[in-house]
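Which chain is which? The protein sequence lines are A and B, in order.
If you count by numbering that gives the first Met the number 0, then the first sequence holds residues 0 to 587, one letter each, in order.
If you count by numbering that gives the first Met the number 0, then the second sequence holds residues 0 to 203, one letter each, in order.
Among these hints, one or two may not hold up.
Examples of chain A residues toward chain B, derived with CB under 10 Å [claimed, not checked]:
#1 N55
#2 V58
#3 C550
Listing some non-contacts, in silico: residues in chain A with all C-beta distances to chain B over 12 Å [to be verified]:
#4 D136
#5 F154
#6 K402
#7 G406
#8 S496
#9 A552
#10 S566
None of these hints come from the bench; they were simulated from the model.
Just so you know, these numbers come straight off a predicted model, no measurement behind them.
All residues carry an ideal CB built from backbone N, CA and C; glycine is no exception.
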Amino acid sequence: MAAHFHEQLLTGNEAVARGAFEAGCVVGTGYPGTPSTEIIENLSRHTHIDCEWSINEKVALEVAVGASIAGCRAIVAMKHVGLNVAADPLFAAAYQGVNGGLVVVSADDPGFHSSQNEQDNRNYAPHAKVILLEPSDSQECLEFTRAAFALSERFDSPVLLRLTTRLCHSRTLVRIGEPETPAVREYHRDTGKHVPLPTNALRLHQRLEGRLRDVAEYAESCPFNAIEWGDDRIGIITSGISYQYAREAMGEEASYLKLGLTHPLPEGLIRHFASRVRELYVVEENDPYLERQVRALGIACRGKPMIPPCGELDSRLVRRALAGADEKVLGLADLDLPSREPVLCPGCPHRAIFYALGKLQDIVLANDYGCYTLGMSLPVSVTDTCLCMGGGLTVASGFDKAKRLAGRKGRIFGVMGDSTFFHSGITGLVNAVHNGSSIALILLDNGVTAMTGHQANPGTGVALRNPVARRVDIGAIVRACGVDDSHLRLVDPLDLSATESALEAAYRDDGLFVIIASSHCVLRRDAADVPAYEVRPDACGGCGDCIMTGCPAIRRDGAGVFIDAASCSGCGLCAQVCSFNAIRRSGA
Amino acid sequence: MAFGITFAGVGGQGILFVSRILSEALVGMGFDVKTAEVHGMAQRGGSVIAQLRFGQKVFSPTMARGESDMLVSFEEAEAARRLPFLKADGVLISSDTRIPTMSMTGEGRMYPEGIYDALKPRVRRIIWVPAGAIADSLGCRRVQNMVVLGALVRELNFLETDWRRILRRSVPDALFEMNARALDAGLAWGGDNAEVTCPATQAM
Numbered sequence: 000m001a002a003h004f005h006e007q008l009l010t011g012n013e014a015v016a017r018g019a020f021e022a023g024c025v026v027g028t029g030y031p032g033t034p035s036t037e038i039i040e041n042l043s044r045h046t047h048i049d050c051e052w053s054i055n056e057k058v059a060l061e062v063a064v065g066a067s068i069a070g071c072r073a074i075v076a077m078k079h080v081g082l083n084v085a086a087d088p089l090f091a092a093a094y095q096g097v098n099g100g101l102v103v104v105s106a107d108d109p110g111f112h113s114s115q116n117e118q119d120n121r122n123y124a125p126h127a128k129v130i131l132l133e134p135s136d137s138q139e140c141l142e143f144t145r146a147a148f149a150l151s152e153r154f155d156s157p158v159l160l161r162l163t164t165r166l167c168h169s170r171t172l173v174r175i176g177e178p179e180t181p182a183v184r185e186y187h188r189d190t191g192k193h194v195p196l197p198t199n200a201l202r203l204h205q206r207l208e209g210r211l212r213d214v215a216e217y218a219e220s221c222p223f224n225a226i227e228w229g230d231d232r233i234g235i236i237t238s239g240i241s242y243q244y245a246r247e248a249m250g251e252e253a254s255y256l257k258l259g260l261t262h263p264l265p266e267g268l269i270r271h272f273a274s275r276v277r278e279l280y281v282v283e284e285n286d287p288y289l290e291r292q293v294r295a296l297g298i299a300c301r302g303k304p305m306i307p308p309c310g311e312l313d314s315r316l317v318r319r320a321l322a323g324a325d326e327k328v329l330g331l332a333d334l335d336l337p338s339r340e341p342v343l344c345p346g347c348p349h350r351a352i353f354y355a356l357g358k359l360q361d362i363v364l365a366n367d368y369g370c371y372t373l374g375m376s377l378p379v380s381v382t383d384t385c386l387c388m389g390g391g392l393t394v395a396s397g398f399d400k401a402k403r404l405a406g407r408k409g410r411i412f413g414v415m416g417d418s419t420f421f422h423s424g425i426t427g428l429v430n431a432v433h434n435g436s437s438i439a440l441i442l443l444d445n446g447v448t449a450m451t452g453h454q455a456n457p458g459t460g461v462a463l464r465n466p467v468a469r470r471v472d473i474g475a476i477v478r479a480c481g482v483d484d485s486h487l488r489l490v491d492p493l494d495l496s497a498t499e500s501a502l503e504a505a506y507r508d509d510g511l512f513v514i515i516a517s518s519h520c521v522l523r524r525d526a527a528d529v530p531a532y533e534v535r536p537d538a539c540g541g542c543g544d545c546i547m548t549g550c551p552a553i554r555r556d557g558a559g560v561f562i563d564a565a566s567c568s569g570c571g572l573c574a575q576v577c578s579f580n581a582i583r584r585s586g587a
Numbered sequence: 000m001a002f003g004i005t006f007a008g009v010g011g012q013g014i015l016f017v018s019r020i021l022s023e024a025l026v027g028m029g030f031d032v033k034t035a036e037v038h039g040m041a042q043r044g045g046s047v048i049a050q051l052r053f054g055q056k057v058f059s060p061t062m063a064r065g066e067s068d069m070l071v072s073f074e075e076a077e078a079a080r081r082l083p084f085l086k087a088d089g090v091l092i093s094s095d096t097r098i099p100t101m102s103m104t105g106e107g108r109m110y111p112e113g114i115y116d117a118l119k120p121r122v123r124r125i126i127w128v129p130a131g132a133i134a135d136s137l138g139c140r141r142v143q144n145m146v147v148l149g150a151l152v153r154e155l156n157f158l159e160t161d162w163r164r165i166l167r168r169s170v171p172d173a174l175f176e177m178n179a180r181a182l183d184a185g186l187a188w189g190g191d192n193a194e195v196t197c198p199a200t201q202a203m
């Protein structure tokens, strides 16, 4: 057994951060998004690296491009849907090239561990015409990231580093290296390169196509692309984590063309491999990204749908597809197990809002992405749609149009959190004012970007590297957008009667109405001295109203109800809900 | 070939911490180790799993259903829910801790009974740890995860490892002693109960 001296277990994210550090990267930007968040968090531990949580991914990439043009090696990290937001600057940056190396990390999520889709962002590389790298474990996360900056500079192209959840959050052994001394390159104005007037742009495009040909040539001998010969009866073309699944499934029973630089592809190497194996397969998770290009070379191969396009891949699925094997698994089908979905924490202020919304008749609710999406976990769940960041407001505006055209009754509500509001809610609010949307908007301000791990946002009062940061006032922004005070309410969501009164006012209004519900995230409150609540069994009427709040600390006990003191955070919502006055603070 | 463990439980029980301690120890023993975790939504009290594989050379960090040599659960219903991950001849270790789900409260359902009895005939070997009671006897329910780790270490027979040293560099000083005692208690329980499983249901 090999002893693994000088190696340590790192997650892929930790390894990417280490690779950037070792390459002398000095700027890191991003927006929190699982599974990418820990990249910038880890990078920011190096105090000489300028790291920021940008307000959204487009801004993050633009800031990184600016730093790159000005001579810094820069990295920007986001989850897969974040690249959709950052797509504009990505395509633009590809035409212009870089000065300091620029690495764009897309952390995709096959299997939807924390996302609304499993879009395969490898597809961005040929569309935007950038270099694409796909590491397959934490060691490669480090090495590919480190090499990406030099590659970016050598070929004058942004590099898209594509990760997936099983790379980001898996720990594998890594040998770290010695860091380069960071240096910022000189900057000289070059309008021909960075101002794509039509006269420049054609030339830039032609240069870009030439660059891609150079990279394709390099790809043939790039150390990230290699053949592992085993049995040549079966040849497998693969990349990323799929390589691990394929290797696990087939071992020495196959040969592997393991690709690490996957745009542009090494066509010669692919042809060489294909000609020397009897049956050729392409094993990749989600989209037939590699497979399409292999087929376009006129090479026959098998891949989708035998390798499933939907959901996460694993070695058993690969084995079943290639070798037809399957074993019996244990199951416990006859035990009816209750589901255990994630829920809002006990004491979460969002709970009060969704509880109160659940009592309104005839509403449509456009929801958004954050902890409050879990408002759906309440017994009475009121969400109609959840589209994308900012959709809570803008989709509601669209519903409002249909309501008017169809002559419907009822009220359209939109909901989003503070971080989402800064990300892409302000634009939707300005649009709603300017274009006359009659919607009721609830801004859930818990002062932090909670779901992804409590990162700072402009309303938090701290920034990633600054313990004291100027707080951007959401109420002032709402007023500045043109919402007057008669259509604006500021409430503490845990004051149930104030909340219900504000919702009533929003419900009855027939124009744009905004409620800002402010209360700190319960996980950030100092809960140590807050007494739990308890149910007085003699007073409890068994009505179940408290259970309708969906609080996990409230449990059934035969005919009655009790509160688990260890879980209770002392928010007092249940006490306000109880019409029997049976719930009060312990010791009261 | 790699040896694989699936850990199961409820978000917040400290499953990832146990996986980290064990994986540090395994690296120290010279194994190649890969772990798979999921961070994010599942932590809000949802059902979570983590996986750990070790051997001379490990490729996939994840295992599909029916591929784990051991299933280690920190909660009773989760042991049942994740049983499909266990190999037909695998070993099940579970805490008897019960955490009700929101769906139980919401639908007025009681915690399902008979889980141990349903599991026992289906697995080659079952180790049912009264981890909650043991942790309570130490004065801290929260460290029941370390009690389960102790029982796991006993089952794997990794008794030569200096677990305290690994713990020392993995927890803040203030928490070290309680975690270490819980680990020791789990090891001791495992030693006393090597061939015996002690479910609460057996007494009824």
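Now for the hints, and whether the structure bears them out:
no.	hint	result
1	N55	violated, 19 Å
2	V58	violated, 23 Å
3	C550	holds, 9 Å
4	D136	violated, 8 Å
5	F154	holds, 31 Å
6	K402	holds, 31 Å
7	G406	holds, 36 Å
8	S496	holds, 25 Å
9	A552	violated, 10 Å
10	S566	violated, 9 Å
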